[in-house]
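Undergrad: Sequence:
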Amino acid sequence: MSDIRPLDRKPYYVDHFEHLHRVLGRPQLTGIGISGCVGVGIFVTSGSLITTSGSLGGPLSYLVAGIIAACVLYTLTEMVACRPLTGALIDLPHKFLDPAAGFAVAASYSLGNILSMACLTAYSAELTALMKSGNRPARHSPGVEVGITVAFIALTTLTHCFGVKLYGTIERVVAAFKLCLFILVCILMLVINVGAAGRRTGSYRGNYTTMAFPPGFKPTGFNASSDDLLHGKDTADTQFGIPGSGGRVFGFLTSVTLAMFSCFGGETIAMTAGEAKDAFRDVPVVMSFVYIIPLSLYPLVLISAGANVNYADSDLPVMWAQGNGSGGLSPFVVAVQTSAIAGVAKALHLFFIISAYTAANTELYVASRSVFMLAQTYLPRTVADIFGRTNNGHTPLSAILLCSMFGFVSLAGLSRQAYDQPRQTLSAFFTGSIACVYICECVTFLKFKAGLKRLEERKILSRNDPLYISRMFKSRWQPLPAYIGIVGCTFVVIWSGIPPLYILGARGGLTSTKHLKSSVGLACDVLGAYSGPFLFAVFYLTYKYITPRSFSVKLDDLTPGDYVLGDLAVIEGEDPIASDAVVEPDGYQLEAQRWSTASPKYASAEFEMSPDLQEEYEMQRGNEEERQRIEEVLLRRPERLERALWRELWSCVVADKQARSTSE
Numbered sequence: 001m002s003d004i005r006p007l008d009r010k011p012y013y014v015d016h017f018e019h020l021h022r023v024l025g026r027p028q029l030t031g032i033g034i035s036g037c038v039g040v041g042i043f044v045t046s047g048s049l050i051t052t053s054g055s056l057g058g059p060l061s062y063l064v065a066g067i068i069a070a071c072v073l074y075t076l077t078e079m080v081a082c083r084p085l086t087g088a089l090i091d092l093p094h095k096f097l098d099p100a101a102g103f104a105v106a107a108s109y110s111l112g113n114i115l116s117m118a119c120l121t122a123y124s125a126e127l128t129a130l131m132k133s134g135n136r137p138a139r140h141s142p143g144v145e146v147g148i149t150v151a152f153i154a155l156t157t158l159t160h161c162f163g164v165k166l167y168g169t170i171e172r173v174v175a176a177f178k179l180c181l182f183i184l185v186c187i188l189m190l191v192i193n194v195g196a197a198g199r200r201t202g203s204y205r206g207n208y209t210t211m212a213f214p215p216g217f218k219p220t221g222f223n224a225s226s227d228d229l230l231h232g233k234d235t236a237d238t239q240f241g242i243p244g245s246g247g248r249v250f251g252f253l254t255s256v257t258l259a260m261f262s263c264f265g266g267e268t269i270a271m272t273a274g275e276a277k278d279a280f281r282d283v284p285v286v287m288s289f290v291y292i293i294p295l296s297l298y299p300l301v302l303i304s305a306g307a308n309v310n311y312a313d314s315d316l317p318v319m320w321a322q323g324n325g326s327g328g329l330s331p332f333v334v335a336v337q338t339s340a341i342a343g344v345a346k347a348l349h350l351f352f353i354i355s356a357y358t359a360a361n362t363e364l365y366v367a368s369r370s371v372f373m374l375a376q377t378y379l380p381r382t383v384a385d386i387f388g389r390t391n392n393g394h395t396p397l398s399a400i401l402l403c404s405m406f407g408f409v410s411l412a413g414l415s416r417q418a419y420d421q422p423r424q425t426l427s428a429f430f431t432g433s434i435a436c437v438y439i440c441e442c443v444t445f446l447k448f449k450a451g452l453k454r455l456e457e458r459k460i461l462s463r464n465d466p467l468y469i470s471r472m473f474k475s476r477w478q479p480l481p482a483y484i485g486i487v488g489c490t491f492v493v494i495w496s497g498i499p500p501l502y503i504l505g506a507r508g509g510l511t512s513t514k515h516l517k518s519s520v521g522l523a524c525d526v527l528g529a530y531s532g533p534f535l536f537a538v539f540y541l542t543y544k545y546i547t548p549r550s551f552s553v554k555l556d557d558l559t560p561g562d563y564v565l566g567d568l569a570v571i572e573g574e575d576p577i578a579s580d581a582v583v584e585p586d587g588y589q590l591e592a593q594r595w596s597t598a599s600p601k602y603a604s605a606e607f608e609m610s611p612d613l614q615e616e617y618e619m620q621r622g623n624e625e626e627r628q629r630i631e632e633v634l635l636r637r638p639e640r641l642e643r644a645l646w647r648e649l650w651s652c653v654v655a656d657k658q659a660r661s662t663s664e
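Position one of the sequence shown corresponds to residue 1 (full-length UniProt numbering), numbered consecutively onward.
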């Protein structure tokens, strides 16, 4: 088997020993999705959005980033509803676009989530230092931080080794915790803003009506709200920047790219589809629930913080300022510390540590599943036999252990000279990599939709069919959401490296640079921003043109069986003796041959027809038979929205009796 090309192999699910375990219910799927979305970004690093684009610019940047992410996830939901297989995020471009695109998605998604896990683990370990006494306690010693980091990695690995059922239960609790944390911080910010938490102290400035946006773009951060004397060259770094409306637009666009780090994560539901108990019914609803989070809650939560914290506050993090060994504080903590309830800050630190750590835990989950699919589908057989295998509990232990080893990359930030740079570089790499994955999924949808259009012309399957809408999922207004996703993510890929490039180019013309990030740090920002897209292109081009070489999927090769799957237990080998498997014919001609040979009663009529009429007749009859078969398959599925929308969304949080009885 070692000499067989990956494209010629049987799928991973042919052997019963290798399939994953379908045990996750709707609340567990929701928990994994929310935990993957909500981490350290909205609660801690969102302060850099306020210092970059202001108290109103930060929430607006989350709104724009959330719209981009929601358009991609809305587009992705329709495809996953058709093929909720293990690693659907990888399977879709492989099946509908190009196997090389599937390989690029698998490799980039694996690497991006592995490094994101390391980044979030480092954040979690560093945040533990804030639990010490004082408003701005010093970081732990390197030895202590190493111990905390190793403990986090070990705990994360152990959690996954016990199987996905326990992990899903944990994530369900974590999701409830994070949703409650959203409510808590909003209430705290409201209480502080109306003055119920006592008189404000420190550097608080009350007039946010005229301070919603900063007076420009200033890499070292503003010292005061009236600090608007900015110059592009021949000045000190404390006066370096882009003044006026041009600077505000520059800062806002930069904030959008920074906000995308927090808005990614909803696609984890596509990676959990292979472990969903009732995938056809639950996955579309859960994906719809999860992308509402960054689209609606993120702007609301950050605007509550922006109403209490000014962009000139020195306690907030500044992306391109020279570090001092301790990162900036969360905007929520800054607001609390300037009120009479300053003691609540320690509790918030603890909650944010839990949020960051559990997000890292989720990154390990999706990375291990992505590595599992990468090994099984694309890598040599010797590698697939190690990292593409599961144990008797259907847990990919080897893939989990491999991914967890990369968690030690988080130790790169322990140097006092490194400051926050390794984490910033890793987060930029993650943003660029996942943005490329999102672009690929949207392009895949265009091919997916074109194939459905061909089936509609043959009167076999239509996106407007009531059965398609009720048993699968139709994303409306297409292809507009797909194009918004492509354009938005392309902008994120390109713009992410422009601010550090601009600062790096202007740095030589400044009279002093001691408050500005070093040239090495800025170069690392550029490297982190563009290395992810560069590697994605390398993965794609290597697989397509060098080895093993692949060809783009043609529309004529897409059959009804690619869109309408039968019993997933049959497809994935869990129930090999079942009889209702969906046959996936290789092409249209094969369908016509099958129907003509299976209908002897029409033989005399066909014999008297001319060859052209006979072929047309066979094709029409084959299309009709195929349409009936698809209707039978779809009618066996439960309706996706049998109840009111609010009731379906509520079932993402609390499993109801109907969902339990359906899955049993």
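Misleading hints may appear alongside valid ones.
[As the list claims (entries may be wrong)] For lysine to aspartate or glutamate, the following EDC-like pairs were computed, each having C-alpha atoms within a straight-line distance of at most 20 angstroms: (1) K453 / D315; (2) K459 / D315; (3) K449 / D556; (4) K474 / E639; (5) K132 / D315; (6) K554 / E456; (7) K474 / E457; (8) K514 / D315.
Honestly, the hints are just simulated from the structure, not real lab data.
Undergrad: Would you mind marking each hint as holding or not holding in the structure?
TA: Each hint, compared with the structure:
1. Our distance criterion of 20 angstroms between C-alpha atoms is broken by K453 and D315, whose separation comes to about 55 angstroms.
2. With a C-alpha separation of about 63 angstroms, the suggested pairing of K459 with D315 is violated against the 20 angstroms cut-off.
3. Taking the CA atoms of K449 and D556, the gap is about 13 angstroms. The hint holds against a cut of 20 angstroms.
4. For a cut-off of 20 angstroms, the pair hint linking K474 to E639 stands: about 13 angstroms separates their Cα positions.
5. Distance restraint check for K132 and D315: the Cα-Cα separation of roughly 17 angstroms lies within the 20 angstroms cut-off, and the hinted pair is therefore satisfied.
6. A threshold of 20 angstroms between alpha carbons decides the hint, and for K554 with E456 the separation of about 17 angstroms falls inside it, so the pair holds.
7. Annotation: proposed proximity of K474 to E457 holds, straight-line Cα distance about 18 angstroms (limit 20 angstroms).
8. Distance hint between K514 and D315 is fulfilled; the C-alpha atoms sit about 19 angstroms from each other, no more than 20 angstroms.
Of the numbered hints listed earlier, those contradicted by the structure are 1, 2.
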